[in-house]
Amino acid sequence: MTSLTRRAFIKSSVATATAATVGFPVSQVALAQAKKAEAGWAWDKAVCRFCGTGCGIQVATAGGKIVATKGDPDAPVNRGLNCIKGYFNGKMAYGADRLTQPLMRMKDGKFDKKGDFAPVSWKVAMDEMEKQFRRAYQEKGPSGVSIIGSGQYTIQEGYVAAKLMKAGFRSNNIDPNARHCMASAVAAFMQTFGVDEPANVYDDIELADTVVLWGANMAEAHPVLWSRVTDRRLVAKATKVVNVTTYRNMSSDLSDLEIVIKPSTDLALQNWIAREILARGAMNKAFVEKHCVFATGPTDIGYGMRPTSKFAYEAEKDIQAKELVVTLDKYEAVGQRRKAGEQVEQKSRTSAGRHWLISFEEFKRGVEPYTLDFVAELCKGDVDEPIAKFKEKLEQLLQLMIDPKRNVISFWTMGFNQHQRGVWVNEQCYMIHLLLGKHATPGNAAFSLTGQPSACGTAREVGTFSHRLPADMVVDNPKHRELTEKTWKLPAKTLNPKPGSDIMGILRDIEDGGVKFLWVQVTNPSSPRPTRTTGSRPRARPTASSSWPTATPRSRARWRTWCCPPR
Amino acid sequence: MNLSGILVVTAPGRFDECVAAVAALPAVEVFHRDPATHRFIVVQEADRVDGEMAGLLRLKAVPGVVLAEMVYHYFAEGEPQ
Ligand code: SF4
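These protein sequences, in sequence, are chains V and D. Our numbering puts the first residue of the first sequence at 774, with every later residue one more than the last. Our numbering puts the first residue of the second sequence at 2, with every later residue one more than the last.
Heads up, a few of these hints could be off.
Computed list of lysine-lysine pairs in BS3-like fashion (alpha-carbon distance at most 30 angstroms, straight line) [what the hints assert, rightly or not]:
#1 D:K61 - V:K1035
#2 D:K61 - V:K1010
#3 V:K904 - V:K1262
#4 V:K1083 - V:K1271
Source of the hints: derived by calculation from the structure; they are not laboratory data. Since we're looking at a predicted model, the values are computed, not measured.
Isolated chain D (complex conformation) (with noise of 0.2 angstroms):
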């Protein structure tokens, strides 16, 4: 299993709107918000490294996102490729 846990910061006015577009996209879930500092936490799924990648890619090419960055990396089940 990998689990990326991911800061999403969006443009201001724009909170509500991103929370929903990521909240749409599959094996991505929102836990966390701060709509007062425009941050938001996700975690991602993915299955290989090109998904975690690719995964991310797409957060951050979600409108009104202006930074979505990785702080967490678990990785201890299923076997690391």
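With the rest of the complex left out, here is chain V (with noise of 0.2 angstroms):
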């Protein structure tokens, strides 16, 4: 065969392989022209870990090396697809600068963090560790270490890293990325329902009627799991997406409404929404009555920051006095019952979870203020939109998601789990699935969608967190404890019963002093924050494990490193 029309013949098995993949009709010709075109190769099945979707894939090997991936057409979640990440699963065991061996920050042949990385061996990079390790710990006791874990950990590694730390080094210091992107959806599902887990499933896809996005651009950021809901929409004709978005994205595309808004007023929305639902008679009394309470809490609850200012930078003691004491705009005004302008002290910042129980009639007066006029006016993010085009917008969202014949999704993320008030927002939305009985039913949730593959698994269930245990269990509680050293066989009262410092508090606490020791581990924590300046001046001994030169080894902190091997 020439290598044109070889070429060709392997194109066109692609296509097939492709067609099948997805499951378009395709003919036993051109099948078995496809399996000509993999003749030789053993397919193997595998898990995409690159996100919380969980997508089943296909690995073809030949000669000991990977030569195709493709989307495994049985698995129950992406039946096929894959999206762009899923895609070079394949490919991204070989890639140049993928690291192979431990490197370490040397100068005249030792370890010296203003060093460059040079290779070295896996006993002189674990000698140096365990050296640096035994210095801070000898300074600062189990306080004084600390492990930056991750929700891309598999469960075991995960459940190693926790007993390590806890059992072995008697500390809590270790916490993973998860936070970052949970902490609020974890903090509403504990108040709201008191699980930290989602009550329904992706196949509530094809039987919802109503889809709504809120700040959450599935096109892109969860293509796998957008693909059912295009699919949905484009088969069950009545099914309608709302994007309720800050900007038009791609999501937008499929949407039958889009709703741009201003950052932070979807709690404004949500209120309307509320108001609404018991104004025109659509509460699901029954449900209601049976499974739900009404509550509330503080507002003056301003932001968490570090205790104190002594080690803060300039920028962050600007933020830290404008949020001790906050001076309400109009809208602020008319939701706390003040007049604008007022200067609200922010009492309730180490308590900001608080909450009580409150009557219907409470609630009722609680979400009075929130009227059409008023939460457009507010909420209205497109300026070139006529005011009335918006309203009109809002009052078709309402009508998709109170009609009683309609199933009603709303999926989000990062858009209200890293929003300024992210355990409002999503509390909030939960409020309005409760108030219409559309929840953790087929085809009705509220759904926070996830983005690592373990931030379940291994963060929150095996104990990764600096205040959590194995099997669900918390540090600061006896019991607890006392059947965790059972299992683990440690003597009594030998675990260590103060949660440790979170994610962002070891990052602080390095700059401050207060960790000398941190290990990374499967993540790449200089890169994704909004500012990388921790690090920079750090008192501590950093080290990560990582398969890939990332920004945390590189970072002007001149952190140490060396690789895993690759898995």
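Join the two chains into one complex using the hints; note that each chain is given alone, in its own frame.
Now the structure itself:
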């Protein structure tokens, strides 16, 4: 076969295999030809570990090398599709810049934080790590050492890391990057339901009549799940998709309704929906009476800051000062029943999770100020859009949600979770769905999507958080410690009862000198944070386990690193 | 040789327009079409990783395309990057 005809042959085989994978009707002749192109390959099943969707993939090997990958048509989540990250699962194993041996900062043949990375043996790397760990542990004890872990750990890796720190070193200073993305989702789960898990499954997508995206650009960020929304929208003609967003994005292309709002005004929009549910008699009274109570909490909660400004940067001090006392604008004043311009001391900064029961009448009074006029003026995000048109859209959204004949799914991710008021906005979405009785039933869900492959399994369930123990237990509960001590065969009362520093706390502790040893595992904390200043003046010996030369080991902190073997 | 087998889904009523626009792109070939479900399959060829990614983004940017996702990745011949 000439190279041109071979190329054409392989291309058409790839096309056939692709078509068959996603369920196109393909002739037996074409399938036989595709098989010919794959002669000598062995196909095995695997799972993509790049995100929380959990797609199944198939990997072809020949001569000990990966030669092709494809989505697994039998995988219930992705049904043959891969997003761009999953697509590169095979090829990434051969990346030219992949780390294959330990690298250590060296100068004149010795470890030096100011040196450049040089390859060293595993023994040299491990010995240096042990030396630095011992020094920190002797000086500071359990609170002076730390691990920043990851929702990308496998469950086994996370369990071992948690056990090493909590049982081995009696330190709770282990916390995963998952705190960044899911902390507000978790707090809202716990406050609303008392358990930290979503109540629905992806198969609800195929039963939904209304899909509302709340600040989630699923078309780009959750493309595999979006393909299922797309299928549902195109196959079931009555299904409508609403994109509530702060800017036009790719998810709008499929959406029936695009509602562009100003950032953070979704809280007011949700309050309007709640108000209208009550005003129009759309509340599912039987469901609410059986399953719900009404509650509220403080509004003067400020923002999480260092307890001291001794080590703070100028910009941080400026924010601290502004957030201790907030001057209300005219909209906040309406919500809080105060006057615009009033200064409100943020007294509940350390008790933001406090909440108490209220009556239905109090709840009703609480949402009463959120009229359509008030909310439309506050929320409208496209300056060129006429206010009447915007109001019309809000009314359409409301109808698509409250119609008792429609199943409704709300999807969200970081647009809510990394919101200025992430817990509230999560809780308020549950509020809407619970008022309507449209939650945790087939096709009805207030659905918090997750980003990482093992944020639930590893980070939450096996205890890699600073406040947790395995099996969803917590360090400050004596019964939980007792059970864990028995399971781990530890002497009684040896587990540390005090929650350790969370991930941001660890990074601040490094700067402030409280933590002297940090082991970064399977994550890259220097890259995703809004300001990458942390670590630029460390008083610690950071170490990173990574398969790639990421920003963390390269950061100007001159962090020391070595790699882990390919996996 | 880097070949990507890609599923493309179009908005209702824009199938033909999208197939034509995608077929006109360099290094892309349209193979299987299913107008009833607004889906078609293309194979894209690229030399390097960045070409594969840019190629997919280019498909997603075609007006009327609501979804373009990778399914099959063939890199058996030539040096993988
Ligand atoms: S959606 Fe997530 S699990 Fe699926 S292929 Fe993409 S990165 Fe992998």
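Status of each hint after checking the structure:
Between K61 (chain D) and K1035 (chain V), the direct Cα distance comes to roughly 26 angstroms. Compliance with the 30 angstroms bound is thereby established for this hinted pair. The hinted pair formed by K61 (chain D) and K1010 (chain V) meets the criterion: a straight-line CA distance of about 23 angstroms does not exceed 30 angstroms. A threshold of 30 angstroms between alpha carbons decides the hint, and for K904 (chain V) with K1262 (chain V) the separation of about 28 angstroms falls inside it, so the pair holds. A threshold of 30 angstroms between alpha carbons decides the hint, and for K1083 (chain V) with K1271 (chain V) the separation of about 24 angstroms falls inside it, so the pair holds.
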